[in-house]
Amino acid sequence: MTGSDPIPVTLTVNGRTYRVFAEPRRLLSDVLREDCCLTGTHVGCEHGVCGACTILFDGAPARACLLYAVQAQGHAITTIEAFAANGELSVVQQALHEEHGLQCGFCTPGIVVTMEAWLDRHPDPTEAEIREALSGNLCRCTGYHNIVAAVMKAAARRRTEVVR
Amino acid sequence: MTQARTIGAALPRKEDFRFVTGQGRYLDDIAIPNCLHAHFVRSPHAHARIVAIDCEAARAAEGVVAVVTGRELAEWTTPLRMAPPIEGLQPTEFPTLPFDKVRFVGDPVACIVAIDRYLAEDAAELIEVAYEALEPVVDLERALARDAPLVDDNLSSNLVAHQSFSAGDPGRRFAEAEIVVTAEFRQPRQTHAPIETRGCCALWDGGRRHLTMHVGNQVPHPFRTQLARRLRLTESQVTVICPDIGGAFGQKIALYREELTVAALARQLGRPVRWREDRAENLIAASHAREDVARTRAAVDGDGRILALELEIAEDFGAYCFYPANYLARVVGMILTGPYRINDYAFDIKVALTNKCGNGPMRAPMAITSWVMEGTIEAIARRLGRDPIEVRRLNMLQAADLPFTMPSGLVVEDVTPRETMEAALRIFDVAAFRERQARDRTHGIHRGFGLCCVVESTTYGSAFYKAAGIPGSGHESGWVKIEPSGAVNASVGLMASGQGYETTFAQVVAEPLGVDPANVQIHLGNTDTAPYGMGSRGARGGTAGGSVLLLAAQALRDKVLIIAAALLGLNSSGELRLRGGRVERRLGGEWHAAGPSLADIAHIAYLDPLRLPPGLEPGLEAHRAYDPPPITFSNATHLCEVRLDVATGHVAVERYLVVEDCGTVYNPAIVRGQQQGAIAMGISGVLLEEVIYDETGQNRSGSFADYLLATAVEIPPIEVVSQHTPSRHTPTGSKGMSEGGVMGAIGALPSAVNDALAPFGVIVERQPLSPMYLRELLRGPGREKNCLD
Amino acid sequence: MKPARFSYEAPTSLDAALKSLATWRGDAKIIAGGQSLAPMLNMRLARPDHLIDINGLADLGRVAVDDDNRLSIGALVRHHQLGHHELVAQHCPMFAHAAETIGHYAIRQRGTIGGSLAHADPAAQLPLAALTLDAELELRTATARRTVMADAFFVSIFTTAIEPDELLVAVRLPRRKPREGWGFRLFNRRAGDFSIVSVAATVARGEGAAIERLRLAIGGIGPVPVRAEHLVPAELVTALTEDWPARVAAAVAATVEIEDNERTPVVFRRELVESLTRDALDEALERAR
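First to last, the sequence lines map onto chains A, B and C. Residue 0 is where the first sequence starts when you use numbering that gives the first Met the number 0, and the numbers rise one by one after that. Residue 0 is where the second sequence starts when you use numbering that gives the first Met the number 0, and the numbers rise one by one after that. Residue 0 is where the third sequence starts when you use numbering that gives the first Met the number 0, and the numbers rise one by one after that.
Hints were generated in silico from the structure; no laboratory data involved. Be aware that a few hints might be false.
Stated by the list, open to error - Simulated coverage check for chain C against chain B, where a stretch passes if three residues somewhere in it have a Cβ under 8 angstroms from a Cβ of chain B: (1) 183-191; (2) 263-275.
To be verified - Computed Cβ-Cβ distance ranges for the label pairs, DEER-style: (3) 128(A) to 209(C): 34 to 44 angstroms; (4) 253(C) to 759(B): 19 to 29 angstroms; (5) 33(A) to 89(C): 45 to 55 angstroms; (6) 63(C) to 58(A): 16 to 26 angstroms; (7) 189(C) to 33(A): 26 to 36 angstroms; (8) 667(B) to 154(C): 58 to 68 angstroms; (9) 14(C) to 16(A): 27 to 37 angstroms; (10) 145(C) to 29(B): 51 to 61 angstroms; (11) 253(C) to 443(B): 16 to 26 angstroms; (12) 128(A) to 443(B): 21 to 31 angstroms; (13) 58(A) to 189(C): 48 to 58 angstroms.
Claimed, not checked - Sample of chain B residues at the chain C side, in silico, Cβ under 10 angstroms: (14) 116; (15) 649; (16) 693; (17) 704; (18) 707; (19) 710; (20) 712.
Given the structure is predicted, the values throughout are model-derived calculations rather than measurements. Don't be surprised by glycine CBs; every beta carbon is placed ideally from N, CA and C.
The whole structure should be built from the sequences, with the hints applied where relevant.
Set out below in structure tokens:
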């Protein structure tokens, strides 16, 4: 058993190893942003509702504000920084850009991460299914219309891609 | 690749790359070495005297560097005095942090500075504040009662603003009228809830005696002016730098007490200090909005023609005035008549203080306007048994009526309310809807059709403020520079929080200069480099900012072409233009490449100025200022279809259409996005959003589990159809448009729900249109259950 | 909003977890999915000295049909798994459906059945479903194990029968009978919100219009979900009649006790009880064919 003092924590984020020193109570969202200097994961509420902090935990979307960094040891964390490989936008990112699916951009990383994972499991969604999947990410700027259009477009493109 | 016209092109946004990849640079993404963290201790009481604040244990806590209260801050800063010379407005003044009494739950009373936020929150629990509870004032009626406790002890009553206005002879019209129709409308208290909360980081350079403030703020220069004044610094001693902003909607304009405290602390401590507001603080203590009740009386003839209109509006302004208390309600009063031909009009505005978080402008501060005017029209139609669309047609301004001077003195011109309404009705196919509605009603499915005509006031010019007695200017400033290499930089005194300025303004600047917008860089938000402007608010960005940039770019184009003419040995530049980064000359009716490129000319202007024609200064820079007309109106017609589940009171919005006309459009994709975003905010407000205070003044809406925002499921697809009637009074022909969507949704949804409720003989008079409220209406007074299908 | 300090461990065996619980008792909280606990920790509404993270106890993440022919669901099974597991879909489809209505996609990836039942939010779906389906909850300490029936498990708002040194390890549900249909309806203002009122029902049909078994429970009207079969007139419990769902719903709604609540008036929730009960029974009959 450890006390509440900072302890060494080893995180695997986007395939890289980060060794940090953190109290058990430190939120994964804070450790990613401050200790790993991966500021693409945004903090909007710290109680799991807005979805801005969504990352992938062993490939599944999870709120980084509802995880403590110590819990992530031995697991694979994926953040927004993993998606544009070599500066080239992913299918979802490119579609959001083309469809004007972002305005201030604060909710965008959470949406990209959620949709990338969700589209892996739901390659041919209806609009209603997309809206349902998006309902865990709050956007105050766009009214969601263009985000939905972007996800539809991304799904269609992913289906026609020969090699991922 | 260059297009001849870049204004009007639906270019995807230049700024997107950093945002979609998570490389946006918002305030908390900026690493500042040696930085401390501030955290505020806030009142748990709605109204209480501060008897004593014991900070000793907190000061001794781990990681704590300082703890300050209102007393220290009163020495380091000046109070906020809000005393514009407006008749009927009581002046208010309050210190940076209160030291006598607290006025709402969440009122900050102390600030802890520690090495991290976790330790600061730990220390906050060690602060002991002794309060003596006072009776709170938690609603408008109580606030205005004779024996009500005073929210602000310096005022004679809680009625902080009271204004009346009359034009024409409404009294006589009412006396003569056969029919007088009354209607009531209540909006709930709401809050902006941007996904990024407030925050700032202050750095004091003791050697230069200079303050740098990183803050996401919509109006960097006015903010800097305020900050310097409150800290007793000169404006030269303060730089405000705005990073990317995660949404603002009017909440990030004022210099808040927390930001001022952080700046003062940075100076005192000689170390950078930063602050992040958490979501609970943002919902409880940042800025609230709306919470008003409006009543109208309309004198009408037998056909439904409005002979006179009276408006009474009362607003619950909360406890502190960060803005003149009357200004939001006043705009409603001034523009209410909107698209209708009404000359005899009066309004009475009352604004009261209560023990709640203070109000400020929230996207479309005048949001209630369209609901009130359209709701009044519909009340008239119901009373006379007429089609509300016909009543609108009867009263609506036609092209021949324009320019029309509203009874308030504002001039409506270049608007198309009738045209957008008729277009919207055609596209929607109301007749087909009515058939479907009738059929479905027989199966117990209740659909409703709603209509709302919006005339949106935007881009207030200096003359508007003057006429309204509000100090301040409406102008905007911009500069455009062509660098020695031909690269183009431009800046304007606005600050983006999602509007896409880096793209639209690049398009505006690119056009006269004949360059690719990809090669025009827009710089915003740094008060050292951007020109002094009034910032982004009141839907002024496109018109005020775009216009001034166009003027500056045109001035630079003119200079470049004069230089080009001289280089080409021509007497005048009349037959020259810039295209694709080159000079072109018209010969025999056709344009041909003429030799010098823009880069060549720039090189000469900066590095070989002796080749310039006499009288021309070296360099290629143009700086302009532009004061827009007092008001620029745009208009739109909103239609929606709802499905009401009468068993539960649930409303689903099944279709939403807006036909809008905002004149010249720089980028249609961005304009559509603004409409959709504004409409969604309106729908969210109508159906879900309500800040609830209980009878003891406790705020029950302090988390996103309680303050509900619409998700992608509640917001329908939003169809936007655009018409374009340019303003003849703005250089670009554009008009503002980014708030009208809220106005339209706030009016269209109740209109649709009333249509769905028609068989039941009840109407909605307040928002949100919650299931509980709708069931209450359907159930009827004194009945346990009714209308369950 | 940062939590107060706590110490933390992630035991790798159930025994280790239970030993730790025995030592810390009420000063420790179990963290599984964290979707309910972490917000409370972050808001400092919960302030345990110690967190015992059970996410590493893989044995608690299984779904199987046990020797007594019941469906056994380990406490760590995630809502998303529950919603898509073929054994759950086959033997307890109401449970699968209820799980899929919880929150949002990301929440369902982490939230667990054990966490949801132990948290006992009065508005939550799984406690209601567990009660309706006569679930048995298996509790273990370092030295003992016991089983508690669902109707004795939910004691009050956020309060269950779990003792400070106990861990909920599994939920057991009887398998669906043939000709037993189920219905599960809830009402909320937004997708994924906690429901204002929820109703769960099963109807097992006999010959003709006979009803072999009716189970009915309601959530959101008091501190815990409540069974409502006793509010159904005797003749309607045993046989279908014309308009049976509406008649049962009216009878239940007229008599069920509803606790006052400032946000949603009793009269409103009573109406929801009636319409949701009718809809749930309609669904159950439809599925009972």
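Under 10 angstroms, Cβ to Cβ, is where residue 649(B) needs to be relative to chain C, so tell me if that hint holds or is violated. holds, 7 angstroms
With a cut-off of 8 angstroms between beta carbons, are at least three residues of the region 183-191 of chain C near chain B? holds (count 5)
Can you verify the interface hint for residue 712(B): is its Cβ closer than 10 angstroms to any Cβ in chain C? Cβ of residue 712(B) sits 4 angstroms from chain C, so the hint holds.
Close enough to count: is the Cβ of residue 693(B) nearer than 10 angstroms to one in chain C? holds, 7 angstroms
Do residue 128(A) and residue 443(B) keep their Cβ atoms within the hinted range of 21 to 31 angstroms? holds, 27 angstroms
Can you let me know if the beta-carbon spacing of residue 14(C) and residue 16(A) is within 27 to 37 angstroms? At roughly 31 angstroms between Cβ atoms, residue 16(A) and residue 14(C) fall inside 27 to 37 angstroms, so the hint holds.
According to a criterion of three or more residues whose C-beta lies within less than 8 angstroms of a C-beta of chain B, is the region 263-275 of chain C covered? Three-residue rule met by the region 263-275 of chain C, so holds; n is 9.
Residue 253(C) and residue 759(B), beta-carbon distance inside 19 to 29 angstroms? holds, 23 angstroms
Can we keep the residue 116(B) interface hint, with Cβ of chain C closer than 10 angstroms? At 6 angstroms from the nearest chain C Cβ, residue 116(B) passes the 10 angstroms test, so the hint holds.
Between residue 253(C) and residue 443(B), does the C-beta distance stay in 16 to 26 angstroms? holds, 22 angstroms
Does the closest beta carbon of chain C sit nearer than 10 angstroms to the beta carbon of residue 707(B)? Nearest chain C Cβ about 6 angstroms off; hint holds.
Confirm or reject the claim that residue 667(B) and residue 154(C) have a C-beta distance inside 58 to 68 angstroms. Distance hint for residue 667(B), residue 154(C) holds at roughly 60 angstroms.
In the structure shown, a violation is registered for the earlier hint numbered 13 alone.
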